[in-house]
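Participant: What follows is the residue order along each chain.
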Amino acid sequence: MNEASLGQAAAAQAAAASSTMGKAGRPPAWTGGYWPFVLPAVVVILAVILFPWVFTIWMSGQEWKLGQGSSFVGLANYWRMTGDDRFIESFWHTLSYTALSVILPILVGTIAAVVFNERFMGRGVLRALFVLPMMATPVAIALVWTMMFHPQLGVLNYLLSLVGIPPQLWVFHPGSVIPSLVLVETWQWSPLVMLIVLGGLSSIPTEPYESAVIDGASRWQLLRHITLPMVAPFIMVAALIRTIDAVKSFDIIFAITQGGPGTASETINLYLYSVAFAYYDIGYGSAIAVIFFGLVVALSVLMVWLRQRTQWSEAGAAA
Amino acid sequence: MFGQGLTRRDLLIGTAAAGTLGFGAIAPARADVNWKKFAGTEIGVNLIKSPRGDLLTKYEKEFTDLTGIKVSSEMAPEQQQRQKLVIELSSGKPSFDVCHISYHVQKRQFERAGWLADLSKFMKDPSLTGADLVESDFSAAGLLYAKNDKGEMHSLPWSVDYFIIYWNKDLFAKKNLTFPTTLDELVKTAEALTDPKEGTFGFVCRGLRNANLPPYMNLLLAHGGDALDAKGNLATDSAEAIAAAKMYQTLLTKYGPPGAAGFNWMECQAAFMQGKVGMWLDGVGFAPPLEDPTKSRIVGKVGYAVVPAGPKAQASCTYGDGIAVTETSTKKEAAYLYCQWAVSKLMGARLLQTGGGVPFRNSILNDPNVREGVKFPPAWLDSVIGSSKVSKLGLPVIVPVAEFRDTIGTGLTALLSGGDPATELKKATDAFRPTLERSEKG
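Same order as they appear, the protein sequences are chains A and B.
Numbering of the first sequence is given in the UniProt record's numbering, commencing with residue 1 and proceeding in unit increments.
Numbering of the second sequence is given in the UniProt record's numbering, commencing with residue 1 and proceeding in unit increments.
Do not take every clue at face value.
[Stated by the list, open to error] So, partial list: chain A residues that the calculated Cβ filter (under 10 Å) puts toward chain B:
| # | residue |
| --- | --- |
| 1 | Q62 |
| 2 | E63 |
| 3 | L66 |
| 4 | F149 |
| 5 | P151 |
| 6 | G164 |
| 7 | P167 |
| 8 | L169 |
| 9 | H173 |
| 10 | V177 |
| 11 | K248 |
| 12 | F250 |
| 13 | T257 |
| 14 | G260 |
| 15 | A264 |
| 16 | Y279 |
Because the hints were derived from the structure by calculation, they are not lab data.
Glycine is no exception: its CB is placed at the ideal position from the N, C-alpha and C atoms.
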């Protein structure tokens, strides 16, 4: 291409740019014509996302019980939470339940992914079986596990008796209820972690392994120094999804224990439900919802930050 | 005289249907009532998904044939229906004219909010109300629930739930025991029946928070106490309350199956139906599953009894459902006719005979024709009638009933993990008192 043709092309580009940008580089007036296309989405977002939140925050400033009048009380509902033992207890239950419900499925799911990444006979069938719990309805799962946990009639105590372990009270005792519920979560959600990590494993190149094997690395060293660092971003994605899911968990706990025995497995979500829909205390329930939303956002931001750090470490390691 | 427009064909169908169920002599009282007065009207009905709700929807067509009123009914599970009711009624524009209410939870709340129409004037109108539907026919508990402080009827008492004792005759026979006559004897009997090595236990009742209040309240009333004192102050840490809590704790921790702290009625029923439990304290509605050979291992071996007398009283905790017309309804008379049909002798007999519930109306319970049609053992019906004589309201008539059940129930559950009754009840009572005070101010 000669200089003349280059000049013509540049002139054409400049003309095109001036026709779309208008004077002083501003968007031309006709772009306003796009608004009718954007408007439905804006209306939907305002109606179903923004308005409920603004309304919830407004309600959280009211003393309002259904069937009785309402009055503005400012931040009193938030202050009430600081002296509400049941709320504080449910806050700690939420954190412990979430932590266990993230760590255990990540552990089991990652191990399963490493196992299922190997080639062996029947791998496809076993993978399919492993994924099945994830497909079941939570309430149906809860009802089945409730009967399995039954101290006299449940199959779990029968299985323990076969190996000489005395019967346990599972979800029927305050001390063992949260670990027992986490067992159900782990059973149901380890497959999701496995699928995510398995995707990561299949994307790892073979060269680093070949080099490491030539250098005499053991299987453990391959796992510790190549596999785990390279799938770490995928594990963090799984952890992020699990965290958001576990902190909001409601159906399994409600269907199995309703937050009991006593309030031993009551998370913020369950307490919020009781306050709003059993006690009809809309003002206080809204204040709890706002704080709960803050908790979900905080945990999500923390997990996103950890994920970013994982990516940075990976880039740093690569550099 | 039958209602206008009732054809010969309708009459034959109705008679045949009634005859099949064995209560040919019973039919809604129709003398003088102008059932067709609101023909063509359409009313909305909101019911709890339950045997009672099912019964009304099943025979809804009979009501439409009788009155010409079209019915659009919806049913939801108990908890969800209660929530829907409160939310819709508080909106001021409910989508229904008739609603199924749970007295023990909603009475005070609904009265204070003024959500239900006064039915007293309709009951006095002979063109709207049959001669057999009179206040005196309802049991005392039913009237306590349905009337407000001014004596106005804001609902019609529909189905009552008394607490009774189910007992396993085989386990009693094995130990050569007879059914106890007092609660102290009941504790000793439970002890004698308990044999952990064989996996048998003397007693079971609900231990799960909230659900555990009804059985505990039965023990409390038998000890001469109540949830509130005469001045309306909370009395759940009184000497009687502590004594009842000790008995509750003893029965469930020493003679109850392990894990009872997490038992609702479903787990209690499962344990009892396996033949592993000697006595079970719960509502009257469990005869159908206990006598069903496809579900129960103890068919024909179940005894039914009124709760024995306690140290100070004999009591059967009573809960109940009513059917009411909303204050905002523009079709109140038509809706009232539906309520009247729902509590009629015909529908009440069906309710009792199918095991779906127990009518509040004495004339139904005492009718030999109705009694003959009851499929369950005579002892069950005797326990129902016996309980009606010692019936007491099972929960305090306050607005925050759910909070009361949750908070005091948490204290009771703590007893099952070894908590001290006096300490736990004091803690729970102190925790609930501000809620009650706030509610009474409102």
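Participant: Please go over all the hints and tell whether each is borne out by the structure.
Facilitator: Each hint, compared with the structure:
no. : hint : verdict
1   : Q62  : violated, 13 Å
2   : E63  : holds, 9 Å
3   : L66  : holds, 4 Å
4   : F149 : holds, 9 Å
5   : P151 : holds, 4 Å
6   : G164 : violated, 17 Å
7   : P167 : holds, 7 Å
8   : L169 : holds, 5 Å
9   : H173 : holds, 7 Å
10  : V177 : holds, 8 Å
11  : K248 : violated, 20 Å
12  : F250 : violated, 14 Å
13  : T257 : holds, 7 Å
14  : G260 : holds, 5 Å
15  : A264 : holds, 8 Å
16  : Y279 : holds, 5 Å
Going through the hint list in order, the structure does not satisfy hints 1, 6, 11, 12.
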